[in-house]
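> Sequence:
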Amino acid sequence: MTRFLDVRLASVGGELATAVAVNQGTSIDDYESLDLGQFIAGIQGRDVLIGTHGFNVDRAHGIACLSNWEGLLQLAEPSVFVGLLWPGDSVWAHGLDYPEEPKVADDAGVLIADFVDATFGVAASVSFASHSLGARVVLKTISEMSTAVRRLTVMAGAIDDDCLATEFECVADKVGEISILASKGDDVLAAAFPLGNFFAGIIAVGHPWWRAALGHTGPAGGSPANLTAPYQIPENWGYGHGNYLQIDLLLPPVLPIPTNVPPDGSPEPAAGAVGWQEAFSAAFASTRFR
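Going by my numbering, the first residue of the sequence shown is number 1365, and it counts up by one from there.
Note that these hints are calculated values from the structure, not bench results. Be aware that one or more of the hints could be misleading.
[What the hints assert, rightly or not] Subject to a maximum C-alpha distance of 30 Å in a straight line, what follows is the list of computed DSS-like cross-link-like pairs (lysine-lysine):
(1) Lys1467 with Lys1538
(2) Lys1548 with Lys1538
(3) Lys1548 with Lys1467
Since this is a predicted model, take the numbers as computed values, not measurements.
Let's have the full structure, built from the sequences with the hints guiding it.
Rendered as structure tokens:
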């Protein structure tokens, strides 16, 4: 059973909860409340990886994709994965940088930070991994936390490419090591930035308002010293926005799956077998977590 922190009020859409719930399950059908004492006992003395999804993900899909991804992770003992569900589908993500979406993510981050500070002191360490707009959730969480963070992995970050040098510059001082996965084959991030499709063709590269997405082109404006390279997925892989946490019905592909980002032009892992994309993101996150 995957453990979850849940800050949703409704299973689909809805507002942010006023408190963090602790639950467990592998699907919406077996999703149930978990006693806080049991939850704390499960993280005590362990290296904890908190992983979250992105925008336009309801509770059922969040449970499914994160519990599936947990099964692909290769975390050494004593480690434990905790999924994080937040109402990223509470607003329509027409443009990922519009005011409504960051507000929900920011508010979720503040709520989660308080809970982690109050509850995770028994853990050996705390780390985070995110997909898409979940980057803003975890960056805001870390910025508000007093607890130190051991590792941070940001996959397909739907946030400005200079965020680590501007808005969330303080995060670098709170994290031991930062890793990023970005893909130029991510059409969602390519189309949604700098300010959403409405402005496409009006704001272009070089304009002072122009910003690319962190998960499309990688960091800009100066990288923190604790950022571990490389981060750019080979362009020939065609690695899309949904590939990081996708769910394939078939078994995971035959190893070897690379645990780091290979040079551009490298062949697809496992000869392109079904499921190699989510297996790769899990292998990468596992390696950077160690």
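> Below or equal to 30 Å on CA atoms is what counts here, so check Lys1548 against Lys1538.
Measuring from Cα to Cα gives roughly 29 Å; hence the hint holds.
> Can the restraint linking Lys1467 and Lys1538 be considered satisfied, given a maximum Cα separation of 30 Å?
holds, 22 Å
> Would the pair Lys1548 and Lys1467 pass a check requiring their Cα atoms to be no farther apart than 30 Å?
Roughly 27 Å between the alpha carbons, so the hint for Lys1548 and Lys1467 holds.
Checked against the numbered hints listed earlier, the structure breaks none of them; every hint is satisfied.
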